[in-house]
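S.K.: One letter stands for each residue in the lines below.
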Amino acid sequence: MLKPKSMTRAVIVGHKEVMDETVETLHDINIFHIEEYNEEDSTFKIGKPFENAGDVSKKLVQLRSISSFLGIKPKEVPKQDTKVLWAELDEKLALLESELDKKTEEKNSYETRLKELDSLQKELEPFVSIPIDLKNYRGYENVSVFTGTVKGDISSDISAITNDYELEFDPDRLTIALFVRKDNEEIVAEMLADNEFREIRVPNMEGTPSEIIANVESERNTIKEKISSLEKSISDIKERYSDFILASDEILSIESQKSEAPLRIATSEHTFVIDGWVPSDEYNKLTRKLESSTNGRVFVSKQEVVEEEEEVPVKYDNPKVTKPFEAIMNLYARPKYKEIDPTVLIFVFFPLFYGMILGDIGYALILLGLALGIKKMVNSDAIKPLMNVLIYCQISTLIFGILYGEFLGFPLASLHTEHGIEAGLIAGFETINLFASPIGGEMVTFPIHRTHLSMTLIVLTVLIGIAHINFGYILGFINMRRMHGFKHAMLEKGSWLVVEVGIALIVLGYLKYINIAIGILVFLIGFVMLVKGEGIKGPIELPSLLSNSLSYTRLIAVGLSSIYIASTVNLIAFEMIWPQGGIAAVFAIFVFIFGHTLNTALSIIAPGLHALRLQYVEFFTKFYEGGGKEYSPFGYIRKYTEE
Amino acid sequence: MVGEEAITMIDPAGLKAIGAGLAVGLAGVGSGIAEKDIGAAAVGAMTEREEMFGKGLIMTVIPETIVIFGLVVALLIS
Chain Z
-3 MLKPKSMTRA
7 VIVGHKEVMD
17 ETVETLHDIN
27 IFHIEEYNEE
37 DSTFKIGKPF
47 ENAGDVSKKL
57 VQLRSISSFL
67 GIKPKEVPKQ
77 DTKVLWAELD
87 EKLALLESEL
97 DKKTEEKNSY
107 ETRLKELDSL
117 QKELEPFVSI
127 PIDLKNYRGY
137 ENVSVFTGTV
147 KGDISSDISA
157 ITNDYELEFD
167 PDRLTIALFV
177 RKDNEEIVAE
187 MLADNEFREI
197 RVPNMEGTPS
207 EIIANVESER
217 NTIKEKISSL
227 EKSISDIKER
237 YSDFILASDE
247 ILSIESQKSE
257 APLRIATSEH
267 TFVIDGWVPS
277 DEYNKLTRKL
287 ESSTNGRVFV
297 SKQEVVEEEE
307 EVPVKYDNPK
317 VTKPFEAIMN
327 LYARPKYKEI
337 DPTVLIFVFF
347 PLFYGMILGD
357 IGYALILLGL
367 ALGIKKMVNS
377 DAIKPLMNVL
387 IYCQISTLIF
397 GILYGEFLGF
407 PLASLHTEHG
417 IEAGLIAGFE
427 TINLFASPIG
437 GEMVTFPIHR
447 THLSMTLIVL
457 TVLIGIAHIN
467 FGYILGFINM
477 RRMHGFKHAM
487 LEKGSWLVVE
497 VGIALIVLGY
507 LKYINIAIGI
517 LVFLIGFVML
527 VKGEGIKGPI
537 ELPSLLSNSL
547 SYTRLIAVGL
557 SSIYIASTVN
567 LIAFEMIWPQ
577 GGIAAVFAIF
587 VFIFGHTLNT
597 ALSIIAPGLH
607 ALRLQYVEFF
617 TKFYEGGGKE
627 YSPFGYIRKY
637 TEE
Chain R
174 MVGEEAITMI
184 DPAGLKAIGA
194 GLAVGLAGVG
204 SGIAEKDIGA
214 AAVGAMTERE
224 EMFGKGLIMT
234 VIPETIVIFG
244 LVVALLIS
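Respectively, the protein sequence lines represent chains Z and R.
In this text, residue positions in the first sequence follow the numbering used here: the first is -3, and each later residue adds one.
In this text, residue positions in the second sequence follow the numbering used here: the first is 174, and each later residue adds one.
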């Protein structure tokens, strides 16, 4: 908690004969983060992949291309035994590929034929209503044939030239088939050109166009049936083999990781050296496992961590409930190894602020149901933590909702104001006056009516802000002290606290409680420390104290805007439309549902972003650097197979 | 009528409402202008690297503070 997991640098040295076993063991225990070996100016060379690497990656490529062709998606399947899988992998993969190849080839040939038929039909379409057998268009010695389109009826034009002709004309498509004597060919061609003649060649076939087209139709239908049956059998293959593909993808990936591991390892002629990190509490497990698997032929040694120079991989070490918030940390940056890991603090503050902003029982219940539903239905490692975060936020919202007494923008309790009584949703539930607020002449009540207590709450949120920011400075102080010593910490972070105390004393002096000079003196001391610690940047950033703490007023402001949207929806639905009765009542319900759906969506985005931003911008900038390297142990988490 | 002047009364509550409206509206315009450039840059970064989404979103909402100030001022006025 508050610190990443403690890491130990370990170096594993051994003879090349046992490299195989070593890699195997490291992969199995899945706790060792290999530091990639850098070959530059060293007598050691990067290792060569194990012999099976080529074969494994070839199969993996083959399998993945099949898998992407079939569109196989990850799913829950019973785990398969790796031994059985390896035994039948080659055979099954070959069978799968040949089966799939045959089907796709067949399907492709059918698809080509379908395209041919389409183009044939297109060619024949102009002649469909001319009942001449296609073979009769060709093979004359003394007759010329013109086929194509013209702009209109040409029978009068042609009879002006000759009486010796045969004309077929389709007035719908403006297609002609004209037979004339060869002697007249040129004059007729000229005449046709005047009539915007465009030649269309007749396909070299037999039979009348309409017959051929009917045949084409029937052939097309049979081909389509065949294609769909092929598609069905391909999806059958997908169904039958998807478990196999998922599982063998996994074992091949594992094998390829192992076989390519030497590329990250330093080797000499007879030895290898693996450098890396292991969580300190698992160091003994590492040595024990390696010893037993290689009969003590590898030597593992602990290295001293050289301060700052090393990039230690960072593994979160948080209680299980706070794990989902690591996703929020990763969104910003993973903490550095020596830094405070604020995941636990986010776990407290993020839902707290979210709840303070939203604070509505109705929305809390809706979103809680939504989050639980999505968590149950969607099986994704990326979505789950976010849904868990949302659930925590809704619990906090529910608590604040009870405190505020709000349900979908309706107040639950009735309230007596100077304008009369505002009715609540629950009859007989009256607001209890607790005490008078010192600000704005407002009365603090239970439940808290945020709309009637805005002044007090604005001041309260600024105070929360000041507390939160100062907490950040204190954490910054601890971080600095840990990394650069007390003096740095005092000048860079402590100076801010001194400046703040100075400002507070000046205010007290201004109110004549103490001598104002004391305040000014403390402020100046703080100011000088700040300039020493942060240089010119410090004084420039001084006004950010004000803007940062005022920024916390969003805790009330965003919440109020959400209430106003909700109560406006209620007002439109139930006071403006509903009383008209009849069909308007249905419309009122529609408006009510639509408006609240919209506001529910906004209720995730607005409070979420604003609560997050208060962490990232106002809080983190006071102490957090981030940029740590991710701890990714050499290994694999099996999903589809087991040994 | 002769001798009578038309007196226009300005309702203080109305002026307050106008002031509150201006505070929110102008602050909104301000943060809009600020967010416009950041948003464009964030979308650009996101197309290059999709994992920039989180950071881009946070960067984009940083100027939201301006409109929050406007909202607070509006609350103080009304």
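Certain hints may be false.
[Claimed, not checked] Below 25 Å or equal to it, Euclidean Cα-Cα: the simulated SDA-like pairs (lysine to any residue) are:
no., chain 1, residue 1, chain 2, residue 2
1, R, Lys228, Z, Ser38
2, Z, Lys533, R, Ile211
3, Z, Lys618, R, Lys189
4, Z, Lys55, Z, Ser38
5, Z, Lys618, R, Pro236
6, Z, Lys625, R, Pro236
7, Z, Lys298, Z, Ser38
8, R, Lys189, Z, Val14
9, Z, Lys311, Z, Val14
10, Z, Lys618, Z, Ala378
11, Z, Lys41, Z, Val14
12, R, Lys228, Z, Ser540
13, Z, Lys69, Z, Ala367
[Claimed, not checked] Only some residues are given here: those of chain R computed to face chain Z with a beta carbon under 7 Å:
no., residue
14, Val197
15, Ile231
16, Pro236
17, Thr238
18, Ile239
19, Val246
20, Leu248
[Claimed, not checked] Which chain Z residues stay away from chain R? Per the calculated CB distances, all over 10 Å, these:
no., residue
21, Phe40
22, Lys54
23, Ile62
24, Ser125
25, Gly144
26, Leu163
27, Ile233
28, Glu278
29, Tyr328
30, Val524
31, Arg550
32, Ala553
33, Leu556
34, Lys635
Honestly, the hints are just simulated from the structure, not real lab data.
Yeah, the Cβ is synthetic: ideal placement off N, Cα and C, and Gly gets one too.
S.K.: Now, for every hint given, state plainly whether the structure supports it.
M.R.: Hints, verified against the model:
1. R/Lys228 - Z/Ser38: Distance of about 39 Å is beyond 25 Å: violated.
2. Z/Lys533 - R/Ile211: At roughly 23 Å apart (the allowed maximum being 25 Å), isoleucine 211 of chain R and lysine 533 of chain Z satisfy the hint.
3. Z/Lys618 - R/Lys189: Not satisfied, since the Cα-Cα distance of roughly 38 Å exceeds 25 Å.
4. Z/Lys55 - Z/Ser38: violated, 35 Å
5. Z/Lys618 - R/Pro236: The hint holds at about 19 Å.
6. Z/Lys625 - R/Pro236: violated, 30 Å
7. Z/Lys298 - Z/Ser38: holds, 21 Å
8. R/Lys189 - Z/Val14: violated, 83 Å
9. Z/Lys311 - Z/Val14: Violated. Lysine 311 of chain Z to valine 14 of chain Z sits at ~29 Å, over the 25 Å cutoff.
10. Z/Lys618 - Z/Ala378: The given pair, whose Cα atoms are some 29 Å apart, is violated under the 25 Å limit.
11. Z/Lys41 - Z/Val14: Holds: lysine 41 of chain Z and valine 14 of chain Z sit about 17 Å apart, inside 25 Å.
12. R/Lys228 - Z/Ser540: holds, 21 Å
13. Z/Lys69 - Z/Ala367: Holds: lysine 69 of chain Z and alanine 367 of chain Z sit about 24 Å apart, inside 25 Å.
14. Val197: violated, 9 Å
15. Ile231: holds, 5 Å
16. Pro236: With a closest approach of 11 Å, the proline 236 of chain R hint is violated.
17. Thr238: holds, 5 Å
18. Ile239: The hint is violated - isoleucine 239 of chain R has no Cβ within 7 Å of chain Z, the shortest such distance being about 10 Å.
19. Val246: Hint violated; valine 246 of chain R Cβ to chain Z Cβ min 10 Å, cut 7 Å.
20. Leu248: holds, 5 Å
21. Phe40: Phenylalanine 40 of chain Z is indeed farther than 10 Å from all Cβ atoms of chain R, at 34 Å.
22. Lys54: Consistent with the label, lysine 54 of chain Z stays out of reach of chain R, its closest Cβ about 30 Å off (over 10 Å).
23. Ile62: holds, 27 Å
24. Ser125: holds, 55 Å
25. Gly144: At about 52 Å from chain R, glycine 144 of chain Z clears the 10 Å cut-off, so the statement holds.
26. Leu163: At about 63 Å from chain R, leucine 163 of chain Z clears the 10 Å cut-off, so the statement holds.
27. Ile233: At about 33 Å from chain R, isoleucine 233 of chain Z clears the 10 Å cut-off, so the statement holds.
28. Glu278: holds, 29 Å
29. Tyr328: It is violated; tyrosine 328 of chain Z is separated from chain R by about 7 Å at its closest Cβ, not greater than 10 Å.
30. Val524: Its Cβ never comes within 10 Å of chain R, the nearest being 30 Å, so this holds.
31. Arg550: Non-interface label on arginine 550 of chain Z violated, nearest chain R Cβ at 4 Å vs cutoff 10 Å.
32. Ala553: At roughly 4 Å from the nearest Cβ of chain R, alanine 553 of chain Z sits no farther out than 10 Å, so the non-interface label is violated.
33. Leu556: Its Cβ does come within 10 Å of chain R, the nearest being 7 Å, so this is violated.
34. Lys635: Per Cβ check, lysine 635 of chain Z is outside 10 Å of chain R; nearest 23 Å; holds.
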